[in-house]
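Peer 1: Listed here are the chains, written in short residue letters.
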Amino acid sequence: MATTVDGTPSETGDGASVPVNRTTATGVRTPRPRGTGPELAATPLVVRRREEEETVVTFPALVWKEFLAGLAAFVVLLAVSIQVNAPLLQRANTAITPNPAKAPWYFLGLQELLERFPPVMAGVAFPSFVIIFMILTPYLDRNPSRRPQDRKVAIALFTIYMCLTVCFVVIGVFFRGMAFNWDWTRILGHPGVKPAV
Amino acid sequence: MSARPTEGNPLRAFVAQVWGSIFRHGLPTTDKVAARTALTNFFLHIHPVRVKKSAIRVSYTLCLGGLSFFLFILLTISGLFLMFYYIPSVDQAYQNIKDLQFVATFGLVIRNLHRWAAHGMVITVWLHMARVFYQGSYKPPREFNWAIGTFLLLTTLLLSFSGYLLPWDQLAVWAITVGTNMAKYAPIAGPYTRYLLLGGRNVGQGALIRFYVLHVVALPLIGFILMVIHFWRVRKDGFTGGL
Ligand code: HEM
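In order, the protein sequences belong to chains C and G. Under our numbering, the first residue of the first sequence is numbered 8, with each subsequent residue one higher. Under our numbering, the first residue of the second sequence is numbered 422, with each subsequent residue one higher.
Everything labelled a hint here was simulated from the structure, so no lab data went into it. From a predicted model like this one, the values you see are computed outputs, not experimental measurements. Keep in mind that a hint or two might mislead.
[What the hints assert, rightly or not] Some chain C residues judged to face chain G by a derived CB distance under 10 Å, without partners named:
(1) Leu69
(2) Val91
(3) Val160
[Unchecked claim] In silico DSS-like pairs for lysine-lysine, Cα to Cα no more than 27 Å straight-line:
(4) G/Lys453 / G/Lys657
(5) G/Lys474 / G/Lys453
(6) G/Lys453 / C/Lys72
(7) G/Lys605 / C/Lys109
(8) G/Lys519 / C/Lys109
(9) C/Lys72 / G/Lys657
(10) G/Lys605 / G/Lys474
(11) C/Lys72 / G/Lys474
[Unchecked claim] Computed beta-carbon distance windows for the label pairs:
(12) C/Phe181 / G/Leu642: 34 to 40 Å
(13) G/Val638 / C/Ser152: 39 to 45 Å
(14) C/Lys72 / G/Glu564: 26 to 32 Å
(15) C/Ala102 / G/Val638: 27 to 33 Å
(16) C/Val173 / G/Phe523: 32 to 38 Å
(17) C/Val173 / G/Gly447: 44 to 50 Å
(18) G/Tyr613 / C/Trp71: 50 to 56 Å
(19) C/Met169 / G/Val638: 29 to 35 Å
(20) C/Ile89 / G/Ile646: 32 to 38 Å
(21) G/Glu564 / C/Ala102: 34 to 40 Å
(22) G/Gln522 / C/Ala86: 15 to 21 Å
(23) G/Leu448 / C/Ile89: 33 to 39 Å
Each residue gets a CB set at the ideal place from its N, CA and C atoms; glycine is no exception.
Using the sequences and the hints given, assemble the complete structure.
Peer 2: Below, the structure is given as structure tokens:
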């Protein structure tokens with residue numbers, strides 16, 4: 008059951024060794040000699056962790072949780088959908104440009120960058136960099152530990168990135184007014200004028 | 422478990438046979454029955470038979486991957502209903518949406534559900550990514566599943582973005598105009614990419630049909646395939662488990 012792709016057993020290193028199917032060419036199962044195998048495998052392909060850790064049957068233990076989570080999500084969404092209507096403005100008219108014209112909220116970070124940097128940087132270089140860097144993250148982060156104490160730099164960098172993203176979206180949604188200019192009055196209003204959002 | 426003693430009552434025997442032929446096992450009264458049920462049921466088979474207790478603590482996954490998937494299913498179903506009414510034509514689309522809001526029974530709620538679930542999915546996928554990062558769950562051997570996840574995030578964003586145009590109101594057309602203008606800035610390829618995406622220089626009928634096909638066929642299919650691989654790998658690599 009716990010064999011890797013090439014049939015050799017492997018291990019994370021933090022767990023006790025687990026007996027695995029070791030089938031020779033003749034089809035005879037041989038027990039693995041102690042102290043060889045998993046402990047020595049350089050890159051584990053399949054991770055088998057401490058078998059002594061307590062397990063439960065997926066069905067119903069996990070399936071039940073999934074069902075409840077799905078049900079809760081559905082109820083919340085249904086409640087919101089009964090209360091709040093999805094926006095529908097006037098029929099599209101290419102002659103009338105709304106001011107401000109905004110991208111959907113999840114792209115407002117990009118629009119924000121476009122306000123601040125030359126288009127090739129903001130529209131192309133930054134997003135490509137983020138995507139490529141994200142894909143490469145697991146290969147660049149050579150630190151094997153998963154404990155937060157050992158990953159201060161990684162966690163700090165990622166947190167900064169997350170905060171920046173959230174900030175840009177919040178700014179785009181709430182603080183950008185006419186012509187995408189900065190506008191406090193959108194949420195604060197000012198004497199005699201109702202806030203726009 | 423399936424065939425209870427039902428001799429003497431042909432109807433009960435028949436029902437028992439039908440039931441037993443669909444569900445191979447009864448209620449999971451023992452671990453063994455539970456394990457067999459999971460193994461023989463197509464939908465449950467996506468799960469391993471046993472999981473580590475620490476891995477299914479709500480505080481570990483925060484349900485976020487599962488919720489993203491749930492929202493994807495919900496969006497597929499509600500989207501199917503919307504498709505019965507929606508015609509991707511600049512002359513009719515807007516009126517179709519109005520009809521959904523004011524004429525079709527439950528049309529309004531289904532449209533709302535589809536819209537809010539779409540926003541919700543962008544958020545849950547993003548948070549799921551954050552939890553995977555903070556738990557260090559992208560580390561070997563899950564490097565590549567993180568990459569697949571990245572493409573899932575992009576697919577989710579594009580799905581949402583392509584749907585944004587379909588109501589053909591002022592919000593839709595101008596958001597897509599602003600969004601696709603960003604593509605324009607790529608050196609050399611930019612203007613061509615935008616032209617390819619819009620099927621023209623402006624957001625018009627060409628753009629509507631392209632976005633529609635992307636939204637209801639191409640991107641859901643890509644997303645689904647990516648999810649299948651994603652889940653398969655989660656299943657094979659096992660849960661990272663508690664810290
Ligand atoms: C449509 C989007 C996605 C869906 C439906 C999805 C679904 C799931 C599910 C159901 C799990 C099981 C654990 C859990 O529920 O948290 C999981 C695990 C995982 N996901 Fe995703 N995911 C999506 C996007 C992403 C993204 C954007 C990333 C990262 C960039 C990612 C990376 C991972 C990794 C590395 C695991 C393994 C975690 C572990 O073993 O603890 N996924 N995903």
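Peer 1: So which of those numbered hints doesn't the model satisfy?
Peer 2: Of the numbered hints, 3, 10, 21 do not hold.
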